[in-house]
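Peer 1: Required output: the full structure, derived from the provided sequences and hints.
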Amino acid sequence: LVALAVNLRLARDFVGDDPETASAMLEELATSIRDTIAELRDLAHGIYPPLLMDSGLPEALRAAAGRSPLEVEVEADGLRRYPTEVEAAVYFCCLEALQNAAKHAPEAKVSVSVREEAAALRFEVVDDGPGFGPEVARRGHGFVNMSDRLGAIGGSVRWDSTPGEGARICGSLPVREE
Numbered sequence: 057l058v059a060l061a062v063n064l065r066l067a068r069d070f071v072g073d074d075p076e077t078a079s080a081m082l083e084e085l086a087t088s089i090r091d092t093i094a095e096l097r098d099l100a101h102g103i104y105p106p107l108l109m110d111s112g113l114p115e116a117l118r119a120a121a122g123r124s125p126l127e128v129e130v131e132a133d134g135l136r137r138y139p140t141e142v143e144a145a146v147y148f149c150c151l152e153a154l155q156n157a158a159k160h161a162p163e164a165k166v167s168v169s170v171r172e173e174a175a176a177l178r179f180e181v182v183d184d185g186p187g188f189g190p191e192v193a194r195r196g197h198g199f200v201n202m203s204d205r206l207g208a209i210g211g212s213v214r215w216d217s218t219p220g221e222g223a224r225i226c227g228s229l230p231v232r233e234e
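Just so you know, we're using this note's numbering here: the sequence shown kicks off at 57 and counts up by one.
Honestly, I wouldn't trust all of these hints.
Restraint ranges, calculated between C-beta atoms of paired labels, are given here [stated by the list, open to error]:
no. : residue 1 : residue 2 : range
1   : L82       : E129      : 38 to 48 Å
2   : I103      : E127      : 21 to 31 Å
3   : P75       : R171      : 57 to 67 Å
4   : R118      : V71       : 46 to 56 Å
5   : A174      : A59       : 44 to 54 Å
6   : L82       : L107      : 39 to 49 Å
Note that these hints are calculated values from the structure, not bench results.
Idealized CB from N, CA, C, for every residue including glycine.
Peer 2: Right, dumping it as structure tokens:
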């Protein structure tokens, strides 16, 4: 970030004397800023929330729902504790889906449900927003992040949406039955 600030000052100094150089520097800075934002997002997604660690998935999801600008209902009762990587993956995928809904469907109502069945921890985030087409899912970083996060520990995610009909994000991770 310091390097970005220094380079921004340098570009500003070139504006009057050498506009072409200033323009080229600003283009490079724009790329660097986008890269830095992506790195910070990745870093932030890797931080394990204390509430998740201390209280588990249901409480952490309810707290996240409470911070959301959307009306969110969470159904996650009766869950046991799972390995850290499983809880983190489900939590961050649900968070990503909530953030996507807030960004693209700001008037939507959202439901988040998490349950264990058939040796899998399954989650579903459903909204009644405007939905999206398949091209959005292919180019969206959020969907790639969810797929990568779950895939790294043997899970999977799928999304079902049609423009005008809301969105449904479903994920599944294998867990040992107790």
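Peer 1: Indicate, hint by hint, whether the structure satisfies it.
Peer 2: For each hint, the structure was consulted:
1. L82 x E129: 38 to 48 Å: holds, 45 Å
2. I103 x E127: 21 to 31 Å: holds, 27 Å
3. P75 x R171: 57 to 67 Å: Since P75 and R171 have Cβ atoms about 60 Å apart, the given range 57 to 67 Å holds.
4. R118 x V71: 46 to 56 Å: Once the Cβ atoms are compared, 50 Å apart, the range 46 to 56 Å for V71 and R118 holds.
5. A174 x A59: 44 to 54 Å: holds, 50 Å
6. L82 x L107: 39 to 49 Å: Distance hint for L82, L107 holds at roughly 41 Å.
Violated hints: none; the structure is consistent with every hint.
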